[in-house]
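Trainee: Listed below, chain by chain, are the residues.
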Amino acid sequence: MENSETETVRLTANSYHKAELVFALAAFLVALFLLSQIGSQVTWSSNKTLTNQPGFWPVMAIVGMVIFGAGEMVVSVRRFRTNAEGAIPNELLLWLRAIEFAAWFLIYVMIVPVAGYLFSTVVFCLLLTWRLGYRSKTYLMWGALTGFAVVFIFKTCLSVKIPGGQVYEYLPDGLRNFMILYF
Amino acid sequence: METLGSALDIILRLDVALALLIGAIGGVVIGAIPGVGPAIAIAILLPATFSLEPVVGLTLLLGIYGSAMYGGAIPAILMNTPGTPVNALTTYDGYPMTKRGEAPRALSLAYGASFVGGVISVICLMAFAPYLAKIAPLFGSREIFLATVLGMLLVVIAHRGRSLAAGALLFFGIFLESIGLEPVQYTKRYTFDQSWLASGVDLIVMVLGLFALSQAFVLLVGKDNPVKPPKLEGGLFSGLKEVFKFPQIALPGAGFGTIMGIIPGVGEFTAQFLSYTWAQKISPNPERIGKGAPEGIIASEAANNAVPAAAMIPLLALGIPGEALTAMMLSVFYVHNIVPGPNLFRDQMDFVMALYLCLLILNFIALLFLIFATRPLLKVVSIPNRFLGMTILTLSFVGVYSLRNSMTDCVMAAAFGLLGLVLKRLDLPIVPIILGMVLGGIAESRFRTSLPRIDTMFDWINRPMAAGIFTIIVLVLLFHIRSLLRARSASVT
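Keeping their order, the protein sequence lines are chains A and B. So that you can map any letter, position 41 of the first sequence is 41 in the working numbering, and since no number is skipped, the others follow by simple counting. Position in the second sequence counted from 1, then plus 183, gives you the working numbering.
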């Protein structure tokens, strides 16, 4: 099984991670950026009161984000100095590692309309099972079976709206309709 | 009685019965797997239920919601790992009992207490439903606006120690809801001239990202937890009767769960805390609680299982969801053009009653299933975390892509998934974003409909119900400030 060298401390109750400061800073900067866009991103009518303005609601939300975000940043700095734990670089690396799996997900999304839901899902589950370090035949079989079960439950039984793959066009007539409808 | 008859007509159908059975059993299984939980399952299933009839779809989701905590007690008691976050308190007494060789007793105590909590809360609510139907029409736009403000306030306050982050995330949710075309003059708000932002941020895409995808990422980047549950020897009936030897704990526990469930933003954790504290107060041996006492398990499980039925009250009566799961269910109502709120309680009481009957029946199904299927369930409990992460990732695709077959939705969901991962890793709350988005939308529309009748600030509270809610808001704020000041002075001394 692959172990993660970037795995950081798990937070217990009433404990804080030093990386909270990074999040607080990023959230505050985003709030400030949104605040700076008030003039261009909402329409202001000259003949309306403030509460009737179309931009009243987003502006109120952003002002709330700025105020609470500033408070959270101050508190995070204080915690960073006193009772926060964990190493920031390790935690940031772990966040970045999750991007790999987001990419897996998006590639899977792109392949489904081309290769079909059944084939894409079974292959996706098999490959991801392999990537995660489960290399035994049993796990690979469970991976493929999981993929098939997901397709069977949702597409075959519940008829969720997932289009048939472009490759289905090359199948004989009867089989093509069957695959488009059920897999 | 006539309403009850109509309600029975609604649910005595094969499709509803099947949805109830699948929901209740599925909920138990999902709850028993640490790292999944009802929120993820409901988020994934949500789009699939849109094609079902409202009562069928809602029954399925309610089944999962109401029975997940039953299953969550299994890993909490046997492996010291709560199946759902709300089963955490059950580990305090459940796991020490397992170590003493009393696992079947602890499990059956948990099942019995969960059953008592679930059934009592539904019976209370069914009994009070006619009165609620009378009160609900007193809520106009102003009252609902003030109730959403109260809900938002409670959500922030409930995250003690994280209130500032919860506040920032709540406002972030409100902001997300306001993106796109504004509903009155159709002007663009924060679209940055991107056409894909013109229709705003879809609630379901966000929910799937924040709950399901984020959990998949958390599991995939983490380690497997190779804890094997112990073998169960002996019957699972021993503790069921024992629950009734502690009515002074089970009944108040169910009461706390019911009351806390009704209050938006409070939920299971506060109910459990109050119930557990009560058990410690009245127990002749309070020092035993937390070290493997049956009272601890009963207090915790009776309280948390009473919450789901009660949490449906603000949703059905006012159209205001109090927490993330009911917020998701709100979208099922909207998809079917059913608007929960005072009119639903007044005009479709049989529908409301049918949902409560479903909640009542699912408690019986969950209990029976657990008594006979706990042993096979132990295999599901020990699925490796990262394999589970792969499964959730695959299932998340169904949820996001089946909505509109849109790549943009999937990219947005992945982005929200990454945000959710960061929040979960830092132990920051996700629920305020969801509630901010849902309550923000309701608050804005009610605020706008109220404005023509408002000349001075006092017009907001010139009706008895509005004045009452406003008073509660002020009192909640004052109590919170007082408790903060007390905590500060205690830490100084």
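Among the hints, erroneous ones may be present.
[As the list claims (entries may be wrong)] Label-pair ranges, simulated between beta-carbon atoms:
(1) B:Ile554 <-> A:Phe178: 40 to 46 Å
(2) B:Ser382 <-> A:Pro172: 36 to 42 Å
(3) B:Glu236 <-> A:Ile180: 43 to 49 Å
(4) B:Lys424 <-> A:Leu25: 54 to 60 Å
(5) A:Asn177 <-> B:Ser382: 30 to 36 Å
(6) A:Ile67 <-> B:Phe427: 48 to 54 Å
(7) B:Pro467 <-> A:Phe33: 30 to 36 Å
(8) B:Ala556 <-> A:Lys161: 32 to 38 Å
(9) A:Thr138 <-> B:Ala556: 55 to 61 Å
Since the hints were derived computationally from the structure, they do not count as laboratory data. In this text the structure is predicted, and so the values were computed from the model without any measurement. Note that CB positions come from ideal geometry on N, CA and C, so glycine has one too.
Trainee: Determine for every hint whether it applies to the structure shown.
Mentor: We went through each hint and held it up to the structure:
1. B:Ile554 <-> A:Phe178: 40 to 46 Å: This hint holds: roughly 42 Å between Cβ atoms.
2. B:Ser382 <-> A:Pro172: 36 to 42 Å: Once the Cβ atoms are compared, 40 Å apart, the range 36 to 42 Å for proline 172 of chain A and serine 382 of chain B holds.
3. B:Glu236 <-> A:Ile180: 43 to 49 Å: Violated, at about 26 Å.
4. B:Lys424 <-> A:Leu25: 54 to 60 Å: This hint holds: roughly 56 Å between Cβ atoms.
5. A:Asn177 <-> B:Ser382: 30 to 36 Å: At roughly 33 Å between Cβ atoms, serine 382 of chain B and asparagine 177 of chain A fall inside 30 to 36 Å, so the hint holds.
6. A:Ile67 <-> B:Phe427: 48 to 54 Å: holds, 51 Å
7. B:Pro467 <-> A:Phe33: 30 to 36 Å: violated, 60 Å
8. B:Ala556 <-> A:Lys161: 32 to 38 Å: Holds - the Cβ-Cβ distance for alanine 556 of chain B and lysine 161 of chain A, about 33 Å, lies within 32 to 38 Å.
9. A:Thr138 <-> B:Ala556: 55 to 61 Å: violated, 23 Å
Of the numbered hints listed earlier, those contradicted by the structure are 3, 7 and 9.
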